[in-house]
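Given chain A, put chain B with the ligand in place with the hints provided.
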Amino acid sequence: MPHAMPLDEVLMILALSSYAVGALVLVVYFFSREDWLRNFGATLAVAGCAAQFAQLAARYAETHVWPLLNLYGSLSLFAAMSVAIFIGFAFRYRLWFAGGFVLAIAAIFLAYGVTWNEGVMPAVPSLQSYWAKIHVPLVVSAYAAFLVSFVFSVLYLVKYYAERRYARRDVPSVAPSAPAALRDAPALAAAAQSGDAVATWFATLPSLAQLDILVYRAIAVGLPLLTLGVITGAAWAHEAWGAYWQWDPKETAALASWILYAAYMHLHTRNAWRGLRSSWWSVLGFVSIIFCYLGVNIWISGLHSYKV
Amino acid sequence: MARAQSLRDVTLRLNQDSLWQRFLRTFGNVPFGVSLLALWGLLTLIGVVVAQGQAPDAYFAGYPAPIARAILRMNFDDIYHSVWYLASIALVLVSMTTATFTKVIPRRLPPYRPVKVDAIPLHANLTVKGDPASVRERVEAFFVKRGFTVRRRDFEGSEWSFADRFNWARIGVLVNHLAILIIAAGTILYWARGFSGQTAILTGEAAQIPQTHDIIHLDAFSYAIQPIITKSGMVYQPIDYVSRVTVTRRDGVPTPMVVRVNHPIDLDGTLLYQASYGFGMRFALTHDGKSVPALTDRTMMEGEALQIPGTSRSVVYERFVPTIDRRTGMPSADPRITDPAVVLTVADAGSAIGSVLVPLHAGIDLGNGWRIVPVRDVVYSGFQYRYDPGVPLVAVGAGLLLVGLVISFYFLPARLFVRVDPGTGGFSTVGLAATTVKGYDIFETQFHELVSHLESEVP
Ligand code: HEM
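Sequence lines, in order, name chains A and B.
Heads up, the first sequence is in numbering that gives the first Met the number 0, so the first residue is 0 and it goes up one at a time.
Heads up, the second sequence is in numbering that gives the first Met the number 0, so the first residue is 0 and it goes up one at a time.
If we strip away everything but chain A, and leave its shape as in the complex, we get (with noise of 0.2 angstroms):
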């Protein structure tokens, strides 16, 4: 009898496939915009999720062991929680031209996780806490609401500096009937005016006030979500350690990172600082997010360490 392939093992190849092929279709529609891309695009990116938190159930059911303590969970939570964010974004702002980057991301993210996966293993005594069920999601879906954040701010910077190229060939007047979404693009909207596909491309993002909003709004998700990870992750340390602030090197991570946001949310209350700085700020705190998640696990040991 051929031997039956386990349900989350299914699972996970659904939602890996969903994402890659989602991720493909997705950018296809970001340069092309056809209706049918979009919506397919969009089935896939809500299809792969699905069967991602579905897989991570399957795990638990199976194994009655919480699925997230090691970092083949966490990073297939990463993922799951990256798509899911941003499908409410997308929904809310119609924003599915973003989507193929994010789903990119995903997939490489958890296509990365699986190479982590060692099986089932009962955690230490010390994770063996309600409180690391719900300080890992928590951080974790921090995490991916910076990675939405990341994405804006490149896209802002994106259009930021196309824009500055296009007014180096002319000077650019505001051309009255320019849509919207180029209002504060002057010199892409007169080229995009004049016929230029590019520039007229370039409409089709929101404008950089909008981008620059949704930088601060998919931030306004993460901060708090940060904030109580690392409130929970305090208090089971002070459960399980005897001291809810040990200057370990992830906690410490995790503080510089939300030092930086909290820095961004005042660079952001500025006029002179909105946009331009506040984006590449963001890509700064999305930089420290990726070391505190992985890089201190790589190069630094501690108590958070994911090695068994």
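It is worth saying that the hints were derived from the structure and are not from the lab.
Keep in mind that this is a model prediction, so the values were computed, not measured.
None of the hints are false.
Taking beta-carbon pairs under 8 angstroms as the criterion, some of the chain A residues facing chain B (in silico): (1) 92; (2) 226; (3) 238; (4) 242; (5) 248; (6) 252; (7) 255.
Here a beta-carbon is modelled for each residue, glycine too, at the ideal position from N, C-alpha and C.
Leaving out everything else, chain B with the ligand in the frame of chain A:
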């Protein structure tokens, strides 16, 4: 003379004023505050990258000498307790408090006054059927239904309605900043009044917490280890550590208690945690075949050295090996005790001669007729204790921080200016403009949604 004195007083006061003003301006300035936050973040990150609390040699081994020297001189080897770090936090707190009083508290939505609707970036003009009074009623009802507080004001014959949303939420920033101060207060309370420490107690022995004088006797320690086959081989996962202790407090009454990982016991506010475990070792030491009882009665802890009497030799009990891999003769990864041994390092005149793996009851000769034999392992339990009176404050601060963030990000104070004018043909014109405490762009989507709902609900 008196005049000169008072002139000097006034000048002094003026200078002081300007110094105070300058302080307020600098510390209340947001980019300055952000620079301090960035400095705090940077120092925090340095502590992640540079391993903390190592011996000086470790830095010289890991970095080029000038960098290692700089790390040690700048106290970056213990950065979180360094003057830099504490000063950066103190400056952040001062800056935040200053900004709270100079910027956050005075901050308001613009006053109720007539505005040039078309000059505000978020504006819309609608034409609605009905006379101005009834249209105004319907528009106001629309906003009330959506949770806005509507006020009407008459400015010399021109009537305006103002629809406010979440005006109370301006307090969010205040709550955030207050929360940070409360967390800082909780931490300071621990520094001032709290204590913590650790102790390792061998089975059958006792230790005292110096600050509380409570005596902890370890009756028994047990642990469970589960071997698991993973894709990369066998892994031995500890699944539980439990210490059975008898605690004698000031009242002198011994009380049996159980300390488990994640389940500390509370000794009148001082919490005792299960932290680690390890193995002490009893050795038999003989000289020319005769035992030396004074040395045999003691249990040595890992890392402890024993000086051999009358010689320049010493033996260090490096570590306990629960099981030897008989195939290789090396320590095995299996932490269960099936074939135990110890690693001993022998030194002469302070320099190590070599390390050997010695099975229990086997022995090694140390020269000059001395021989050492590991005879019995004794498990010990590692405890951490901590009294932290700041915890409730930190917890309240953390809760407030979260509430403040949610208020700041999800309840945006916004004000709509509404003016209704008579139009033609039984219609009125409605001019709408909106502003928020965080500019216009952040409200753009909601504003357009509001306008389109208004258009369909108040046709
Ligand atoms: C260097 C110290 C700080 C200074 C000078 C400072 C100053 C300010 C000021 C002036 C505002 C109001 C900005 C505006 O609406 O125009 C503000 C907002 C805020 N502050 Fe601070 N603050 C500091 C530290 C912190 C810290 C450590 C936190 C912790 C999370 C924090 C949380 C917030 C939040 C959440 C807002 C609201 C931001 C928004 O709604 O976009 N602040 N801060």
